[in-house]
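Sequences and hints are given; from them, build the entire structure.
Chains A and B supply the protein sequences, listed in that same order.
With the working numbering applied, the first sequence covers 32 to 406.
With the working numbering applied, the second sequence covers 2 to 554.
These are calculated hints, taken from the structure and not from any lab test.
Since the model is a prediction, treat every value here as computed from it, not as a measurement.
Built from N, CA and C at the ideal position, the CB exists for glycine as well.
Treat each hint with caution, since some may be false.
Listing some non-contacts, in silico: residues in chain B with all C-beta distances to chain A over 12 Å [unchecked claim]: (1) Ala-48; (2) Leu-178; (3) Val-179; (4) Gln-236; (5) Leu-299; (6) Asp-317; (7) Arg-325; (8) Arg-326; (9) Ser-360; (10) Ser-503; (11) Glu-506; (12) Val-513.
To give an idea of the interface, some chain B residues facing chain A are shown, with a C-beta separation under 8 Å as derived from the structure [as the list claims (entries may be wrong)]: (13) Pro-63; (14) Ala-67; (15) Trp-69; (16) Arg-70; (17) Asp-72; (18) Ala-73; (19) Leu-75; (20) Arg-76; (21) Ala-137; (22) Leu-140; (23) Leu-141.
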Amino acid sequence: MLSAYGKLGCMLRIDLPDVAALERGVAVLGSGGGGDSRTAATLLRRRLADGLDVAVRPLAALPPRARVVPVGVVGATAVFAEKLPGGHEVAAAVDAIQRWTGERADALVSIEIGGLNGVMPLVAACDLGLGAVDADLSGRGLPRLDQLSLAAAGRPITPAALAEPSGQVLVQGTGAPADLERTARTFLPGAGGWAALALAPVPAGELAACCVTGSVSAAVRLGRRLLALGDSPDPDRLAAATGGRVLSVGRVAEVARRPGPGAHGRPGFARGSVTVTGHGTDELLRLEMENEYLLALRDGRVVASTPDVIAVLDRRTGAPIAGDTVRVGMEVLVLQVAIAPFWTEPGRLAVLAPRAYGLDADPALLLPPGPGEAR
Amino acid sequence: MLGGEGMSSVRRLLALPEWSGAVRVLAGAAGLDAPVRAVRPVADPGAGDPVAAGELIVVTGPPQPADWRLDALLRRVADAGGAGVLVPFGPPAGSGAPVASAPEPGSGAVAGSGMTAGSGAVMGSGVVAGSGAARATVLLAERLGLPLLGAAGGDPLNLVVTARLLLAEPEIDRARLVLAAHRAFDDRACAPEDVMRRLGDLLGVPVALLDDRGQPLAGRLAEPGAVRVDEFVPQRVALADGVLLAHPAMLPYPARPTFWLVAELRGTAAARAEIVPPALSVAAVAVQRWLLAHRLELERDARARTALLGDLLRLDGEPSAQLRRRVADAGWQLGGWHVGLRIGAVSTLDLVPRTAEISRVLRAEGVEAVVVEHGEGWTGWTSFAQEPTPARVRALAGRLRAAHRKLRGAIADHMGVGRPHPWPEGLAGTVAEATDAARLAATRPEAGYFLQVDQLGMAQLLLEWTRTDTFEPAARALLAPLRDQPGDLVRTLSAYLDAESSIAETAAVLGVHRNTVAARIDRVERLLGVDLGHRDERLALHLACRTVTLPGR
Numbered sequence: 032m033l034s035a036y037g038k039l040g041c042m043l044r045i046d047l048p049d050v051a052a053l054e055r056g057v058a059v060l061g062s063g064g065g066g067d068s069r070t071a072a073t074l075l076r077r078r079l080a081d082g083l084d085v086a087v088r089p090l091a092a093l094p095p096r097a098r099v100v101p102v103g104v105v106g107a108t109a110v111f112a113e114k115l116p117g118g119h120e121v122a123a124a125v126d127a128i129q130r131w132t133g134e135r136a137d138a139l140v141s142i143e144i145g146g147l148n149g150v151m152p153l154v155a156a157c158d159l160g161l162g163a164v165d166a167d168l169s170g171r172g173l174p175r176l177d178q179l180s181l182a183a184a185g186r187p188i189t190p191a192a193l194a195e196p197s198g199q200v201l202v203q204g205t206g207a208p209a210d211l212e213r214t215a216r217t218f219l220p221g222a223g224g225w226a227a228l229a230l231a232p233v234p235a236g237e238l239a240a241c242c243v244t245g246s247v248s249a250a251v252r253l254g255r256r257l258l259a260l261g262d263s264p265d266p267d268r269l270a271a272a273t274g275g276r277v278l279s280v281g282r283v284a285e286v287a288r289r290p291g292p293g294a295h296g297r298p299g300f301a302r303g304s305v306t307v308t309g310h311g312t313d314e315l316l317r318l319e320m321e322n323e324y325l326l327a328l329r330d331g332r333v334v335a336s337t338p339d340v341i342a343v344l345d346r347r348t349g350a351p352i353a354g355d356t357v358r359v360g361m362e363v364l365v366l367q368v369a370i371a372p373f374w375t376e377p378g379r380l381a382v383l384a385p386r387a388y389g390l391d392a393d394p395a396l397l398l399p400p401g402p403g404e405a406r
Numbered sequence: 002m003l004g005g006e007g008m009s010s011v012r013r014l015l016a017l018p019e020w021s022g023a024v025r026v027l028a029g030a031a032g033l034d035a036p037v038r039a040v041r042p043v044a045d046p047g048a049g050d051p052v053a054a055g056e057l058i059v060v061t062g063p064p065q066p067a068d069w070r071l072d073a074l075l076r077r078v079a080d081a082g083g084a085g086v087l088v089p090f091g092p093p094a095g096s097g098a099p100v101a102s103a104p105e106p107g108s109g110a111v112a113g114s115g116m117t118a119g120s121g122a123v124m125g126s127g128v129v130a131g132s133g134a135a136r137a138t139v140l141l142a143e144r145l146g147l148p149l150l151g152a153a154g155g156d157p158l159n160l161v162v163t164a165r166l167l168l169a170e171p172e173i174d175r176a177r178l179v180l181a182a183h184r185a186f187d188d189r190a191c192a193p194e195d196v197m198r199r200l201g202d203l204l205g206v207p208v209a210l211l212d213d214r215g216q217p218l219a220g221r222l223a224e225p226g227a228v229r230v231d232e233f234v235p236q237r238v239a240l241a242d243g244v245l246l247a248h249p250a251m252l253p254y255p256a257r258p259t260f261w262l263v264a265e266l267r268g269t270a271a272a273r274a275e276i277v278p279p280a281l282s283v284a285a286v287a288v289q290r291w292l293l294a295h296r297l298e299l300e301r302d303a304r305a306r307t308a309l310l311g312d313l314l315r316l317d318g319e320p321s322a323q324l325r326r327r328v329a330d331a332g333w334q335l336g337g338w339h340v341g342l343r344i345g346a347v348s349t350l351d352l353v354p355r356t357a358e359i360s361r362v363l364r365a366e367g368v369e370a371v372v373v374e375h376g377e378g379w380t381g382w383t384s385f386a387q388e389p390t391p392a393r394v395r396a397l398a399g400r401l402r403a404a405h406r407k408l409r410g411a412i413a414d415h416m417g418v419g420r421p422h423p424w425p426e427g428l429a430g431t432v433a434e435a436t437d438a439a440r441l442a443a444t445r446p447e448a449g450y451f452l453q454v455d456q457l458g459m460a461q462l463l464l465e466w467t468r469t470d471t472f473e474p475a476a477r478a479l480l481a482p483l484r485d486q487p488g489d490l491v492r493t494l495s496a497y498l499d500a501e502s503s504i505a506e507t508a509a510v511l512g513v514h515r516n517t518v519a520a521r522i523d524r525v526e527r528l529l530g531v532d533l534g535h536r537d538e539r540l541a542l543h544l545a546c547r548t549v550t551l552p553g554r
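Next up, the structure:
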C-alpha cells in the first residue's frame, strides 16, 4: 500500500538536518505547552541515523480511501522525559485500534503539531514503516482531547486506544469527545503519567475537512526561519520571519502558579501567570497560562489570546520557553503567531477561544494575519 | 453647588475608623489624593459595567487567586479616571481556608497531567504576602498610579456603606446649614449688620461686611483686601492657611454690588469651604432684601418730596391747609426768609441714595437745609427766621462753598445760591435765582463751579458772565439767524426783552407801530425756533442781545 502512493511527488522528506528546524517549529507552535520536544527529537534523530526513513506526504497525495490513524502521546510530558518510552507504545495503540475497527492503518497523522506530538508520530511512522501525513488535528498545542479538530468538526473521536509504557492497553469503543477526555484523565494517573493514543482510522478523503493541513511542513519552515535568525534575534526580524507580532521584549518580573478551578470534584489544570517588564517601556505584559500561554494583557488590556499561538522565547538563544519552565529573571521575547485558518471559522473559534479555558475575554487575534505585521 | 459634590479622596476614606484598621494600600499610593466622587461595589471584577470618573470600585465577591481580571479592572478604572480599586483578602465569607496559600495536596500531579504540557508543582509564589492580590496586579497598579486597596476580613459592603456616608456628609452638612440660614434670615428685613452678626453665629468663623470698594463696614477680617471687588460674582480666594469666601449683595440697578459678604475660613475650618457658600448666598439675599426695602422707602420719600417741592414752587398766594400739612409732615419750615440752593449732579448719577449724603455734608458745615431730588440734581433752601444781614448771607455762602468743595466730583458738579427772599412768594424766586446761578456756575471753573446771586444783583453777575470768551461767540451764533433780515430784529428783540415783553412799551421805545413789533417778535420766534414765553430761552436771548449790543464790544 505504501508503494501505491510513494510514487507521488511533493513529498516532504525529513532528513537529519531538518530535525532541529522541526523541533524548534513545533516547540513554538506549542504556545508554551505541548511538552518537551527535545526527547522526541532525539528519538527521531536516532532512527534517521540508523538509516530509517520518514516520508511526510501531503494529504491530497493520498488516495481518498487511504486510512489515516491519528496518533500521539497524552499525559504529563514531564514524566515522558523521565519515564522514557519503550518504543512499543504507539504500535500497541495502533494495533489495538486496528483490531477494534478491523481496518489496517495506511498512514499516521499527528493529533497535535505543537510540542512533542509534532515529532512523535514521525518516530512511530519510522517504527511502523508507515507514512506520515503533512497535517495534524490541532494546528498548535492543545490541552484536551475534546478540542481536537475532529471533534470541532463534529466527528466522533471514539473508538480510541490508549497504551501505556508498562503494557496496559485501554480501548474506548464509544463515547462523546468529552467522555474520552475524562477516560484518559482517569486512566493516566494509574498508568504512570503518560500513554500513547491512537484514534480510529479516518479515510484521507474525509480527513481534509477536519484537520489542519500542511502543518508539518509549516512547522519545519517556521523552525528554519527562526534558526536562521541566529542568537539574540532582532524583534522586528523575528516578527517578519514568523508573520507574527512581538508583544514584549523584557525580563520576567514574576511567575505565579496556582491550582486551577476544579470540576466534578477533580482539580483542573494548574493555572499561572507570567509578568514581563518591557525593556525601555516598563510596560507590563501579563501572560495567563494553563498548559499553554492563553492570554496576554499589556498594562491590563487584553492584546493577544488563544487560539493564536503565544510563545515566550529566550531572548539570547531564541529557544521557546515552556510555561512550566519559565522563571523570574529570564530575558524573553513574547511572540504572537496567527493560528491556522481552520480555527477562525465560525463555530470553531469558540472551541479554542479564551472562554473555553474559563478566561472571560474575547479572542484577540492577529486578524487578518498580515505578513510581518508590526507590533 | 455641584462642583463640590462628594469631593473626598482615598486618603480621607482610609482615615475612616471602619477603614483604618481593615484596609491597606497595596499599591498606587501616588493616586491617594485624587478625588473620590462615588464608591461602587461590584460582585465580580470581570463585570464589564462602565466605570465613571472619580469612582472607587469595591470588589465584594470572594477573591480568586491572582485573578487577571483584576488587572483588566485596574486598567478600565484608570482609563475612566476612576479613583481606585479595593479588593478583599483574607478568608472570604463562609470559608475558613486562606486563599492562595499552599497548593492542595496532589493538585500538582493532577494539574500537571495536561494532555501534553505538565505544569510544575510550584505554587504559591507571586502572591504578595498577606494580600489577595497577585504581584503582577500590584505592579500594574503601581505603574498606573492607581490606588489598589486590600481589605482584610469583614464584609466589603460595610466599607462601601461607611464610605458613602462620608461622601454624602458635605451634602448633608450643606443642607443643614442652608436650612439654618433660612431660619435665621426669615422674612423680616434686618439691617446688614444684623445679618452679619447672625451669619457669624451660624458659621462660627469670622465674617465681615464690605462696602463696594472693599472697605469693612462691620466685622473684622485679616485680609479684606483679597476680595476682587470689580468682579461681581461669588468669589473664593485662597489664603495662606485657608480660604476667603465672598458673596456680593446686589441691586438690579445699578448692577454692581452694594455690599460684599465675606467669610474667612482658616485652618480646619477651610475644609468647610464647599459647605459655606450656599449659606453665604442665603445671607446675601437677606441683605439684598433689606437694601431693596430701604431703597423703596427712599424712593417713595423722594417722590413725595419732589412732588411737594413742585407744589410749593408753583404756589401763588397762601398755601392750602392740606399743603401746609404735607409740608409739616416733611419736616420743612416755610415761614421766614429763604435762600435757595441748586446743586447739579454729575452725569448719570443715581440721585436718590445720595440725598442723605448731601444733607450730611451740609449739616457738617453748619447748614440746615431742605434738599430735594429735582430734575438732574437737587433743589433746596435754607431758612432764616428774620431777614438775614448781608454778613450772615456771606457766611452762609462761605459754608455752602465749603460744602460744595466736598461734594464736587463724586456727587455734585456745580452749585448755585439765590438771594434771601421772604415767604411765601420769595421761595420760588430764590430757587429760580439759584437755578440760574447754578446754570452759569456749570461753565465757571474759575469760580469753582459755584455762584451766588448776592446783594450786588443780577446785573453784575450777568456782566461778569458775558465777559467770558466762550459766551460771546455763542451769543453771536445764537442770534445769527436774525442778522441780514429785514427789520432790525436784534434791536427789536433786545428792546422787547428790556421792556419786560411788553409790545406797547417796545413800540414806544423803538418808535414803530405795535403791530410791527408783534410781527417782528413773531418772526424772531420762528427764525430762532424759540418760545419767548419760556424763561430760560428768554434769559439766554436777553443775555445774547446784551452781549452783541453792548457798547465797546
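Exercise. May I ask you to test the interface hint for B:Leu-141 with respect to chain A, counting a Cβ-Cβ separation under 8 Å as satisfied?
Key: 5 Å, holds
Self-check item: Claimed clearance of chain A by B:Val-179, with the beta carbon kept past 12 Å
Solution: The claim holds: B:Val-179 sits with its nearest Cβ about 43 Å from chain A, beyond 12 Å.
Exercise. Run the C-beta distances from B:Ser-360 to all of chain A and say if the shortest one exceeds 12 Å.
Key: 77 Å, holds
Quiz item: Checking the smallest CB distance to chain A, is B:Leu-178 really beyond 12 Å?
Solution: 42 Å, holds
Exercise. Tell me if B:Pro-63 is really an interface residue toward chain A, meaning its C-beta lies closer than 8 Å to one of theirs.
Key: 12 Å, violated
Quiz item: Would the least Cβ to Cβ distance between B:Asp-317 and chain A come out above 12 Å?
Solution: Given that every Cβ of chain A is farther than 12 Å from that of B:Asp-317, nearest at about 97 Å, it holds.
Practice problem: For the hint on B:Ala-67, just tell me whether its beta-carbon gets within less than 8 Å of chain A. | Solution: With a minimum Cβ separation of about 5 Å from chain A (threshold 8 Å), the hint on B:Ala-67 holds.
Exercise. Hold the hint about B:Arg-76 up to the distance rule: shortest CB distance to chain A must be less than 8 Å.
Key: Since the shortest Cβ distance to chain A is 3 Å, the answer is holds.
Self-check item: Status of the stated non-contact between B:Arg-325 and chain A (beta carbon gap over 12 Å)
Solution: Since the minimum Cβ distance to chain A is about 93 Å, B:Arg-325 lies beyond 12 Å and the statement holds.
Self-check item: Least C-beta distance between B:Gln-236 and chain A, which was stated to exceed 12 Å
Solution: 42 Å, holds
Self-check item: Status of the stated non-contact between B:Glu-506 and chain A (beta carbon gap over 12 Å)
Solution: 109 Å, holds
Quiz item: Should the hint that B:Ala-137 touches chain A count as held when the rule is a Cβ pair under 8 Å?
Solution: 4 Å, holds
This entry does not satisfy hints 1, 13, going by the numbered hints stated previously.
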